[in-house]
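A.B. asks: Sequence:
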Amino acid sequence: MNIWHLATEIISDLLIIGGIVFWFWGTWPLLGDRSVLFKLHSLTVSDTLGSMAIIMGLLFKIPQEWPLLILALLALALWNTMLGYVLAYCSVRRDVE
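To convert, take the position in the sequence shown, counting from 1, and add 81; that gives the numbering used here.
No lab work stands behind these hints, which were simulated from the structure alone.
The reader is advised that the hints may include incorrect statements.
[To be verified] Heads up, simulated DMTMM-like pairs for lysine to aspartate or glutamate below, C-alpha to C-alpha not over 25 Å straight-line: (1) K142 with D128; (2) K142 with E90; (3) K142 with D94.
Based on the provided sequences and hints, a complete structural model is requested.
C.D. replies: Next up, the structure:
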């Protein structure tokens, strides 16, 4: 096992573990007494960052699948961001006349 292979394995594992930590870190505020929008924001941001870190870790582990993983990164960044905006917009009360 050469040094390059060992370094990519360590980086990959750190990214995947970091992504899982982000997932749990964003889930923890759900137990608090803050507003729903604060909980939604912390959950969507940490979910997006955690998932992107995991995909980056997979990119180091299986580089031959880079087109699909890059597509997954782009879709994740756009989809999670837009979903967060839609959920926040739907949660705001508007007076109906």
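A.B. asks: Taking the hints in turn, state whether each one holds.
C.D. replies: Structure-based check of each hint:
1. K142 with D128: Judged against 25 Å, a Cα distance of about 21 Å means the pair holds.
2. K142 with E90: Within the cut-off at roughly 7 Å; holds.
3. K142 with D94: With Cα atoms ~9 Å apart, K142 and D94 stay inside 25 Å; holds.
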